[in-house]
Structure formats: structure tokens, C-alpha cells
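Which chain is which? The protein sequence lines are G and U, in order.
Note that the first sequence covers residues 6 to 276 in the working numbering.
Note that the second sequence covers residues 42 to 411 in the working numbering.
For the record, the hints were derived by calculation from the structure and aren't laboratory data.
Note that beta-carbon positions come from the ideal geometry of N, C-alpha and C, so glycine has one too.
Be a bit skeptical, because a hint or two may be false.
[Unchecked claim] In silico lysine to any residue, SDA-like type, Cα no more than 25 Å apart, as pairs: (1) U:K205 <-> G:A144; (2) U:K128 <-> G:G56; (3) G:K82 <-> G:D40; (4) U:K383 <-> U:V328; (5) U:K205 <-> G:A172; (6) U:K127 <-> G:W102; (7) G:K71 <-> U:L226; (8) U:K361 <-> U:S398; (9) U:K205 <-> G:S127; (10) U:K325 <-> U:V379; (11) U:K403 <-> G:A186; (12) G:K71 <-> U:N228; (13) G:K71 <-> U:F223; (14) G:K71 <-> U:R124; (15) U:K330 <-> G:D103; (16) U:K389 <-> U:V359; (17) U:K325 <-> G:R149; (18) U:K332 <-> G:F146; (19) G:K71 <-> U:L112; (20) U:K332 <-> G:D103; (21) U:K333 <-> G:L154; (22) U:K205 <-> G:P126.
[To be verified] Pairwise CB distance ranges, derived in the manner of DEER restraints: (23) U:L134 <-> G:A74: 30 to 40 Å; (24) U:K128 <-> G:D103: 16 to 26 Å; (25) G:R131 <-> U:F316: 28 to 38 Å; (26) U:I145 <-> G:R85: 42 to 52 Å; (27) G:E32 <-> U:I145: 34 to 44 Å.
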Amino acid sequence: MNAHKHKNENETMPAIEVTDLTVAYREKPVLWDVDFQAPQRQLLAIVGPNGAGKSTLIKSILGILKPAAGRVLVMGKGYRPQSRYIGYVPQRGSVDWDFPTNVLDVVLMGRYGHLGWFRRPSKEDRSFAMECLEKVGMADFTNRQISQLSGGQQQRVFIARAFIQDAPIYLMDEPFAGVDATTEKSIIALLRELKTKGKTVVCVHHDLQTLKEYFDYVMLLNVRRVALGPVKDVLTQDNLRRAYGGRAAFLAGDKDEDGTQNSKEASSVES
Amino acid sequence: MSSHQIDILFLASLVGVTCALPGVFLILRRVALMSDAISHAILLGIVLAFFMVKSLSSPLLIVGAVLTGVLTVALTELLINTRKLKKDAAIGLVFPLLFSIGVILLSRFAGDVHLDTQCVLFGEIAFAPFNRLMIGNMDLGPQATWVVGGVLLINVTFISLFYKELKITTFDAGLAASLGFFPALINYIFTALVSVTAVGAFESVGSILVVALMIAPPAAAYLLTDRLFHMLLISAALGILSALGGYFMAQGLDASIAGSMATFSGIIFFLVFIFAPERGLMAKLIVRKYKKWDFASETLAVHLLQAEQAHAEENERVVKHMNEHMLWSDDYTSEAIVKGLKEGVLKKDGNKLSLTSYGREKAKNILSKE
Numbered sequence: 006m007n008a009h010k011h012k013n014e015n016e017t018m019p020a021i022e023v024t025d026l027t028v029a030y031r032e033k034p035v036l037w038d039v040d041f042q043a044p045q046r047q048l049l050a051i052v053g054p055n056g057a058g059k060s061t062l063i064k065s066i067l068g069i070l071k072p073a074a075g076r077v078l079v080m081g082k083g084y085r086p087q088s089r090y091i092g093y094v095p096q097r098g099s100v101d102w103d104f105p106t107n108v109l110d111v112v113l114m115g116r117y118g119h120l121g122w123f124r125r126p127s128k129e130d131r132s133f134a135m136e137c138l139e140k141v142g143m144a145d146f147t148n149r150q151i152s153q154l155s156g157g158q159q160q161r162v163f164i165a166r167a168f169i170q171d172a173p174i175y176l177m178d179e180p181f182a183g184v185d186a187t188t189e190k191s192i193i194a195l196l197r198e199l200k201t202k203g204k205t206v207v208c209v210h211h212d213l214q215t216l217k218e219y220f221d222y223v224m225l226l227n228v229r230r231v232a233l234g235p236v237k238d239v240l241t242q243d244n245l246r247r248a249y250g251g252r253a254a255f256l257a258g259d260k261d262e263d264g265t266q267n268s269k270e271a272s273s274v275e276s
Numbered sequence: 042m043s044s045h046q047i048d049i050l051f052l053a054s055l056v057g058v059t060c061a062l063p064g065v066f067l068i069l070r071r072v073a074l075m076s077d078a079i080s081h082a083i084l085l086g087i088v089l090a091f092f093m094v095k096s097l098s099s100p101l102l103i104v105g106a107v108l109t110g111v112l113t114v115a116l117t118e119l120l121i122n123t124r125k126l127k128k129d130a131a132i133g134l135v136f137p138l139l140f141s142i143g144v145i146l147l148s149r150f151a152g153d154v155h156l157d158t159q160c161v162l163f164g165e166i167a168f169a170p171f172n173r174l175m176i177g178n179m180d181l182g183p184q185a186t187w188v189v190g191g192v193l194l195i196n197v198t199f200i201s202l203f204y205k206e207l208k209i210t211t212f213d214a215g216l217a218a219s220l221g222f223f224p225a226l227i228n229y230i231f232t233a234l235v236s237v238t239a240v241g242a243f244e245s246v247g248s249i250l251v252v253a254l255m256i257a258p259p260a261a262a263y264l265l266t267d268r269l270f271h272m273l274l275i276s277a278a279l280g281i282l283s284a285l286g287g288y289f290m291a292q293g294l295d296a297s298i299a300g301s302m303a304t305f306s307g308i309i310f311f312l313v314f315i316f317a318p319e320r321g322l323m324a325k326l327i328v329r330k331y332k333k334w335d336f337a338s339e340t341l342a343v344h345l346l347q348a349e350q351a352h353a354e355e356n357e358r359v360v361k362h363m364n365e366h367m368l369w370s371d372d373y374t375s376e377a378i379v380k381g382l383k384e385g386v387l388k389k390d391g392n393k394l395s396l397t398s399y400g401r402e403k404a405k406n407i408l409s410k411e
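This is chain U alone, in the form it adopts within the complex:
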């Protein structure tokens, strides 16, 4: 493996983790779409800052990005507060406006500079190793790695310092406000964090694909755990997995690295969506099937209890006639009986069914709940 490949793999993994961490709170705050809005709108801030300093590596670009990110959220909330628009419409109005102003400025004035729309939209992680950070004659590695590493450091610092505050304002903003934590303030700081993340990552993966990396790994992690801290760790791990998997997929297909990373994060999400142990589609189907037979055997138990209490004819309890009483198909009836016998709810004396004492208790419980 060449050193360029290692540079790219390392940078891609950094991007994966950096995006996944704030993504967790985007998912939990139900503002996933906001990442899309912010990552686009910051283009305007970047372009304006670029015109002021005429350099792509100035920290002023990040300041510009943060300001437009916060502006996006503020304008969106302003529109929502007029009560003439719903949130999705407000987001859909604000960010294309800011983004398109950025696109116009870029195409009209930036001319032949390095900052072109193609690069902004799709990034160019493959070229990252060629743009190196040099101090004197010392090669410190790709410049993008330092930028993304810096952003990761900011994210980790912010989330660990304000972990408790982020948690309470996300879960219960009302209580948070009553305890003196300012949910609105935290929200704006968090918005700034998302903006910094987007601007840090966009050089590598572009402003569209960064959204995939912010949303897919946390969305998958959400299905795998029920602890916030674990969700952060799993998201970070899945972010790295998306980066590595995406890179090798790109190699195999001879395709865009950023595109492959985003695709791979989507593949991971769908695998988790289907196979997650408790919340996955398969697990849900299995539980539902299990519950179906549970319900069938419970229905039988209730029927037998009613028959018992009404001192009904023996006929009501004959195995062969059970399908007629219940108006069930033969197969369904025999499955239900098998299930009931296995669970110890029913017992069979010759050709008649009756309740075990456990089954009688269970049936009584079910009826008393009605």
C-alpha cells in the first residue's frame, strides 16, 4: 500500500468519525435535514471569506462557514415563527437561496481559482495527499488531514464538555430551561459545530456527501443500542467502517472515493436496518410471528376458561372440533394447540383439551385486564 493510499485512508476515517459524532445529536434532535441545509448554505460563507482573503487555507473560511450555518438556522426559525410555513418548507426555502447565491458568486467571480463548484459538491479526497502542509522543509502530511483532525478535536472537546447539557436539552428542553441550561443557546452552539464539521469535511467529500456521513452511521447506531454514550462510540466506528469500505469499493469499481464512502454508509445502514438484533426488520418479524402464536394460544386458553366457567358441554373441548368453535383453519388451529401445549398453557386428556393451572391463571389475568 502506497503512502498516498494510507494518507487517503487515514483522512477518510477521520472524516467518518468527525461527521458521525455531531450526527448523533442531529438524529436525536430530529433535525437530520438541517445538516443538508447547513452543509449547502455554508458555501456562501466560504466563498465570501475566500474573496476577502484570497486563500483557501485561511481560518476565516471556517468563520464564514459558521456564520452562514448559524444564519441558516436563524432564518429558518424566523420563517417558522411567522406560522405561515412548516419546518420542512422553511428549510427548503432558506438553504437553496444561500447556496445559490454562493454558486452565482463562485461562477461569476472566482474564475479559474481552485475553488470550483465540482470540488465543492463532490470533494476531492483523492487529491488530498498532494496538498501537503510544509513547515520549512518538514512534511507534516496532507493539509486536509490537519484541518479535519482539528475539527474532530473541536467536536470531541465540545461533546465531552457539554455532554450532560447536550443530553438534557435534547431529551427535555423544557426541564433544561427550568434548570437554567439555555436550550436555544446550546442549539446555536451545536449548529456552529455542525457548520464547522461540514466545512472541515467538504474539501474531502463535498457538501452533498457529507450529509450521508453525518446521518447514516448515527441512524444505524440508533438501531443498535439504547445508551447515548454507546451510540456515539458505535457511530464513530461505523463512520470509520464507511470510510474504509468506501475506499476499497472505489478501488474495485474505479469510481469516486467520496461517492463510494457515502454509498457504503448507506449499505451499512440497510444491513443494520434489516439485521439489528432487537430493532431490525428481521427481529421485528420474528417477534411478530412469535406473538401471533402467543395470541392464538391465549385465545384458546380464554375460550377454554369461558367453557369451564359456563360448564359447557364436553363437546366444546374436543380437539377435533376446536377449529369449528374458533372458526379457524385446521392448520392454524393445530399450530395454536401445539404452541399452547408447548407453553404449558393447555393439556390434552385423550381427545379433549383442558387448561393447566398455569393456563387458567393466565386466561384469568387476560380477562381481568379487559
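Next comes chain G alone, as it looks inside the complex:
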């Protein structure tokens, strides 16, 4: 009886629960008192202008950044990398693609958490990596030097590297940035497949136009939490205006304007 009740709680608890999170760089808050819950088995987008703290939120959940205040719970517990609850996909631009290594090796890096210190990837890890590459349609590129990949291919490799982490929750920082339309479609198909397997996926996303089509939930963020909930409830003109500051109308209309507008916003945040 008790065990049954416990199981129910496990299934309804948020995959990620962030309470009163404040993160600051040198006393300047990048995130102000953010509350955030990611429900299990959903695709959730974090959306907001540049400098809104989207990547910071993800890094704080992972413990890469130390919050000034607040608490992060992952599946009801404080997060430790050793729990291997979270597979992380950093921004594609955050790594050096001229690094002397090939596609298979990059995917295998996703396995390092399971291996722990000192142990090297085994034959099984390799065949698992091959499976993951097949899933993202990159099996023909196994031995390709990573500098020879296109942006879309790099992103697929990163997704394969997330698959091999075999985690219940995935945090992805702009998985659609700089990929062509075909790749974008295939990546979203992969994310949906993760969802049907019971995984929780949280993505930093930039394109307001595709939000409704791709995601179940969305959090609008601009240093503070603006809104959080199912996409259709959150995506109101009013909320967008609050997140993007009065420019929501043409933000929702045009992607390019979005980019220029955001960079302006970023510079004003930094100065």
C-alpha cells in the first residue's frame, strides 16, 4: 500500500524543481528568484531574449554554476552528477570543432559519466555509440574528423552523445541553432521519440514561431520568470510583451528581427 503510494508520487513529482533560484555574476543577478518546475515526460522550452539567463538556468540545474540563493531538486533530490539523471547538450558553439578527434569519439564522451574516473570505453560502449549514431542518421560518419561536419551534422552528433548518456531527463541548450530545416525536423522527431519513451526534455529555444508545433510546455524567462505552463496558455501577447519588452508583436512575426533585437537587448543588459 505504502509502496504503491510512493510510486504514484514518483510519477507525479516534477522532473526538475527549482525554487527561488538567484544566480549572479559579480553581484549582478542573471536570474532573479526563479521558480521553475518541469513536469515529467513532456517537451518543455525555455524561451526569452538574449541575456535572459536561459543557459545560466540550465547550468545551475546541472551544478556547473553555483547559485547565490535557491534550491534545485532533480527527481526530488539535490542534483549530483553521479545520479546520472540528466543528459546535457551544451551549445554547439561552446566547443572547439577543430579538436583532433572523430565523430565516434565525441559520442563516446557521453559515456564517460557511466565509466567514472580512469576506466576507458569498452566494446559495448562502442557498439552503443554506433546505435546512437544510427538513430540520428550519422552512422556513415563514424570515423569522420569533426571539423568536416556541417552545423546540422554537428548537432546530430551532440544529440547522439546525449542518447548514449541514457538519462531520464535531457537539458539541451539551443539544439536547433544554426541547423537547416531538414535537420530541425529530424531533431524534433528524435525529441518526440524521447518523450514517448518517458523521458523529460528541456530545451533552450529561440524561435517563437515553432514553439506551438514543437513543445508541450514553455517557460518565458527574462531574468525573472515571466510565465510557465502549457504553450497555448503561456503564449499570449501580454506575456510576450512582458518577456521581450514591448516588441513582442514583430518578434512573433519575423525571425531575423528577433536576432537583431536580441543582440541589442543583450548589450543593454551587459553595460
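Position chain U against the provided structure of chain G, taking the given hints into account.
Frame of chain G, contents of chain U only:
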């Protein structure tokens, strides 16, 4: 060849390998300049440790060097974190400060001891065979060989034990942190390794030239391979080559061995830079030239496709008039046509050009990408 020469050659090769291995990660982490900073700043640690123990062969010198090496990195990061300075300026402020304190202490208090600035800056590998490690009456060879050999052992052990960890923290520090490998910790351990290497090698080649041996062989290896493990092996081999080549160059010129080694490592780098099979300057030029004619023949193909689709006059396809249509020089036009014919993109019927079916497919592909 005398036994002294063999001693020197062996020691020089050891120094070459020992420096090249951590150098690979200095290059990949884009902190090559850090080796310069560390190799200078450790002078302070060495001098302080020397004053404490009054001996040049004490292991405490290495401890002192490691501590100042780590201190250099820590102070540099502290300055960068104030966001008032960029990294290069921070490095440029920290290491001369520590180094010059070392120089002042050395010139003021060390007096006539063996540790002088000349030796610290340029090393004295030529004298290494005279300072031998003796146990009882047994001659175990030059002391420096044992020191550098020990450092090499530390480097090889560390890099093989932490190979995977070094790789992931270098390539993707964010992922590494999320998986529970501590990039900052690895970075400090690595810094310690660079410091140990610098202190081990400085007696032989001095604190300035050690930088050349840490950077040039890995930088050359980087252009020769795209696998990390191969880069380590090639760097080590080029390190040895620099040592041997430098030694014989010094013999020929009757000049400083350490200086010649550093120069030779630079010569190797420039040869690789020019002649490397894929990433060398020559290879790049050849590819660019090749691509230029590729592009020219593609342009012709697209032009012919447009002409085909618009049912333009036959005139558009006449070989002789092609230069006018394209506004190209005669030579350029005929080169482009030759290239197109050779690639099977174009075919010639009498005096008119047309697309082969392969060429038509190719031109359509190019247009559909726009």
C-alpha cells in the same frame, strides 16, 4: 662519438619528449602563452626553495616551482574575473612580477652560487654530463638525466591515467562538469604538471627556450593528424627530432645547444606548416586553385542550364563567344572549358557547348541549394 656527447644527446631527447607531451594540451586548451608565464614565474619558487635548503638538487625546488606555477594561474584567473582585464593582459602582468621578484632575490642574495640568471634563462645542457649522480662509487650518469627522466615518467603516468578526463575537459568543459569531472581541478593539476615540466627542463635548456619545446612540436603535430593520441606520439617524435637536429646544428655552428634546439623546433614547425599533407600552406593553395577551376566550370554549367531552360539562342552556347557571355578573359574561359570537359560536365558538338546529363544534374543541384 664521446660518452659526453651521448649523454647530452640522450638528455636533450628526454627534454624534447618531456616538454612536447603537456604541450599538446597547452595547444588544444589554447593556453600556449601560459607555458611562457609558468616557466618564468617558477623562478621565484625555485629561488625561495633554494634559500630554504641551500641546495640545487633538493626536491623542494620542484615543490616551490609547482606552487608558484599554480599561483601564476590562480592570480591570472583572479585578475580576469575582475573583468577589468583580458586574459593576455592578465598573464602579462602576473608572470613578470613573480619572475622579477625572483631575479631580484637571485641577484641580491644568491651571490656566487651556481644558480645564476644566465643559467636560469638559457640552461647549460653542455655542462650536464659533468654533474653526475653518484651512489657510493657507482656512476649513474648525469644528474639532470635522472631529473628529466623522472619528470617524463610523471607526465606519461598522468596523461595515461587521466587521458579520458584531460580529453573531455579540454574539448567540452561544460559536459565534463555535468558528468562530474571537475574541469577546474583538472586544470590545476595540469598546471602543476606544466610547472614540474618547466622546472625539470629549465636546468638543461633554460626557462625561455623550454617554451619553444613545449609549443613548436605539438603545434606542428596538430597540423599532421586529427587524432589526439597520434598528436601526442607525433609531438614526442618531433620533440626528439628537435633535440637531435638542434644538437648537430649547434656542433656545426659552434653555438648554444639549447638555442639550436629551440631554433630547430621552429624550423620543423615551419616545414610542417608549409608542407603538411592536408593542412599545410601548399596543400591549401593547391586545393584553392583546384576549387577555382571547379567553380569556373560550375559557373559555365549553370549558365548553360539557364540557357537551356530559357530556350535561348544557339549563340549563347558557341565556344568562341563564351568569354563575352561570361565577361571572362579568353585564357580563363578556355581553362574553364577544358576543366568542364575533363570533369565530364560539358560536351562539345562542333563549335557549340552543351551539358552532359551529369553536368545538368550538377547544375540543377547547385541552383536548388541557393
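Here's how the hints hold up against the structure:
1. For the proposed pair K205 of chain U and A144 of chain G, the alpha carbon gap of about 23 Å is at most 25 Å, so the pair holds.
2. Simply put, K128 of chain U and G56 of chain G have alpha-carbon atoms about 23 Å apart, close enough for the 25 Å limit, and the pair holds.
3. Proposed proximity of K82 of chain G and D40 of chain G is supported: the alpha carbons are some 16 Å apart, at most 25 Å.
4. In summary, the hint linking K383 of chain U to V328 of chain U is supported, as the alpha carbons are separated by about 17 Å, within the 25 Å threshold.
5. For the hint pairing K205 of chain U with A172 of chain G, the CA-to-CA distance comes to about 21 Å; that is within 25 Å, so the pair holds.
6. Among the hinted pairs, K127 of chain U with W102 of chain G is consistent with the structure: their alpha-carbon atoms are about 24 Å apart, no more than 25 Å.
7. Straight-line distance between C-alpha atoms of K71 of chain G and L226 of chain U comes to about 16 Å, which keeps the hinted pair within the 25 Å bound.
8. Annotation: proposed proximity of K361 of chain U to S398 of chain U holds, straight-line Cα distance about 23 Å (limit 25 Å).
9. Simply put, K205 of chain U and S127 of chain G have alpha-carbon atoms about 13 Å apart, close enough for the 25 Å limit, and the pair holds.
10. Under the criterion of a C-alpha separation no larger than 25 Å, the hint pairing K325 of chain U with V379 of chain U is consistent with the structure, at around 23 Å.
11. As the CA atoms of K403 of chain U and A186 of chain G are separated by approximately 22 Å, the hinted pair is consistent with the 25 Å bound.
12. Among the hinted pairs, K71 of chain G with N228 of chain U is consistent with the structure: their alpha-carbon atoms are about 19 Å apart, no more than 25 Å.
13. The hinted pair formed by K71 of chain G and F223 of chain U meets the criterion: a straight-line CA distance of about 14 Å does not exceed 25 Å.
14. About 18 Å separates the Cα atoms of K71 of chain G and R124 of chain U, which keeps this hinted pair within 25 Å; it holds.
15. Under the criterion of a C-alpha separation no larger than 25 Å, the hint pairing K330 of chain U with D103 of chain G is consistent with the structure, at around 24 Å.
16. At most 25 Å may separate the alpha-carbon atoms for a hinted pair to count; K389 of chain U and V359 of chain U meet this at roughly 9 Å.
17. Pair hint K325 of chain U plus R149 of chain G holds up; C-alpha atoms about 19 Å apart against a cutoff of 25 Å.
18. The suggested pairing of K332 of chain U with F146 of chain G holds, with an alpha-carbon distance near 24 Å, which does not exceed 25 Å.
19. Between K71 of chain G and L112 of chain U, the direct Cα distance comes to roughly 23 Å. Compliance with the 25 Å bound is thereby established for this hinted pair.
20. The suggested pairing of K332 of chain U with D103 of chain G holds, with an alpha-carbon distance near 22 Å, which does not exceed 25 Å.
21. A C-alpha spacing of about 22 Å is found between K333 of chain U and L154 of chain G, which places the hinted pair at or below 25 Å, so the restraint holds.
22. Restraint check for K205 of chain U and P126 of chain G: the C-alpha separation of about 9 Å stays at or below 25 Å, so the hint holds.
23. The supplied range of 30 to 40 Å is met by L134 of chain U and A74 of chain G, whose beta-carbon atoms lie about 34 Å from each other.
24. Between K128 of chain U and D103 of chain G the beta carbon distance is about 19 Å. The supplied range of 16 to 26 Å therefore holds.
25. Our hint of 28 to 38 Å for R131 of chain G and F316 of chain U holds, since their Cβ atoms are close to 35 Å apart.
26. Checked against the hint of 42 to 52 Å, the C-beta distance between I145 of chain U and R85 of chain G comes to roughly 48 Å, which is consistent with it.
27. Checked against the hint of 34 to 44 Å, the C-beta distance between E32 of chain G and I145 of chain U comes to roughly 38 Å, which is consistent with it.
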